[in-house]
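Listed here are the chains, written in short residue letters.
There are 2 protein chains.
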Amino acid sequence: MNIFYAPPSQINNGYAELLDQEAIHASKVMRAREGDKLTIVDGEGGHYRGIIRRITKKSVQVEIEDAQHHSRPKPHLVLGMGIIKKRDRLEFAVEKAIELGAAQICLFRSEHTIKENVRMDRLESLAISAMKQSLQAHLSTIEVYHSLDVMLESVFADNILVAHEKVDEAKGDINYKSVRNSERTLLLVGPEGGFSESEIRDLTDKGGELVSLGPNRLRAETAAIAFMSQFL
Amino acid sequence: MNIFYAPPSQINNGYAELLDQEAIHASKVMRAREGDKLTIVDGEGGHYRGIIRRITKKSVQVEIEDAQHHSRPKPHLVLGMGIIKKRDRLEFAVEKAIELGAAQICLFRSEHTIKENVRMDRLESLAISAMKQSLQAHLSTIEVYHSLDVMLESVFADNILVAHEKVDEAKGDINYKSVRNSERTLLLVGPEGGFSESEIRDLTDKGGELVSLGPNRLRAETAAIAFMSQFL
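Residue numbers (my numbering), protein chains in the order written: chain A, 1 to 232; chain B, 1 to 232.
Keep in mind that the hints are not guaranteed to be accurate.
It does not matter which identical chain is used: a pair holds within one copy or between any two.
[What the hints assert, rightly or not] Computed list of lysine to any residue pairs in SDA-like fashion (alpha-carbon distance at most 20 Å, straight line): (1) Lys86 <-> Asp149; (2) Lys85 <-> Glu192; (3) Lys74 <-> Lys115; (4) Lys58 <-> Ile142; (5) Lys177 <-> Ile3; (6) Lys74 <-> Asn216; (7) Lys115 <-> Asp158; (8) Lys85 <-> Val29; (9) Lys85 <-> Gln133.
Please keep in mind that the hints were generated in silico from the structure rather than gathered at the bench.
The task is simple: from the sequences and hints, build the whole structure.
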């Protein structure tokens, strides 16, 4: 099943308009024709089925036949992740976290961060394709923060879980009840090398709970994906 | 912490010998010198600490000072995965499954398989680096099968779980008890497009239990990683 994306601003008066990459994908790659049916999501829960009425060089006009609204699935998970040095691994982690249902992804610089710049254009188009691929109707937001502190001040979460290698075994299990009962849970994963000791102290002072992701040492992107997978 | 790999055939009379890539990695990349200490795993549970006695162009000789044996952690998980078309996605899934503790990875051709050839040399060196990276002492085996049937006949497993999109909601949860009580659990994930209906019938006839990995449609490699993550 092929799904296309048009933000709410492109949906008006019973018509949706595909532009740019989405229009090219429909008309050139998928070879859609006037009269064909297709499905569109608006990234904010809107899910439309419609029929193509007009294809031009730059846009595809779709008459909406059926409109539905999906609410954001619970639990509402925010993934906070240290910026990973290797671009392919960072992008892989972001793509997988979105497929697995992360509503928001916050990348941050921390003490052990090696690389600082992030190709946001690539991450944003990756967020759209992961949303469509996994049949979701909500577009995940991606944000970059200069520091862990700034991120913690900016992101609302009433529950914070921190993946950490060195966890007292008796305390290391994920408290699923705290996640179900929260409005918004923030899952935190460090960059390569993990969080520093002072960052861990800061995080626990702010109410973060340390959790273990098993006995093996996981790469940063593996930890992010495995952490998200705990809430399937 | 840097760990090196030497198979049991290279460990004799209180000495371990690093060869090929491992020797180059130690002497050239890590700039190890005679007298330096290092850690070696043999891929079969052996875990050695030793001191470098001799570095030549092609080998590094290590005198073993401490030897331990680790048994394979339980549960014993085998990941059976349809061959994925894109090489980077296939390799990513294999690497992550090993980090997460898969003892054996069986790649197979199935009805929806598009691509058939696999670069085994790359997967084998990836298995070694993932073992070292995740601080494990056991090397995962990787096998390729011409068909799902041949794989099922060749691989011993007393418990089979099959990731499937269309699962009756009442039955879709993973039975963790069946995994803990089994000698060896086989986790099966299809290629892109999943298993065909007749494959699913075959698998359930052979005792396979269908399990759901949540409401989102997951890419094949995401399903494999998320499936493995359920057993952390």
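These are the hints, each one checked on the structure:
| no. | hint | in the structure |
| --- | --- | --- |
| 1 | Lys86 <-> Asp149 | neither (23 Å within a copy, 38 Å between copies) |
| 2 | Lys85 <-> Glu192 | within (8 Å within a copy, 29 Å between copies) |
| 3 | Lys74 <-> Lys115 | neither (33 Å within a copy, 37 Å between copies) |
| 4 | Lys58 <-> Ile142 | neither (27 Å within a copy, 47 Å between copies) |
| 5 | Lys177 <-> Ile3 | neither (34 Å within a copy, 38 Å between copies) |
| 6 | Lys74 <-> Asn216 | between (29 Å within a copy, 13 Å between copies) |
| 7 | Lys115 <-> Asp158 | neither (29 Å within a copy, 46 Å between copies) |
| 8 | Lys85 <-> Val29 | between (33 Å within a copy, 19 Å between copies) |
| 9 | Lys85 <-> Gln133 | between (26 Å within a copy, 16 Å between copies) |
Consistency note: the structure conflicts with the earlier hints numbered 1, 3, 4, 5 and 7.
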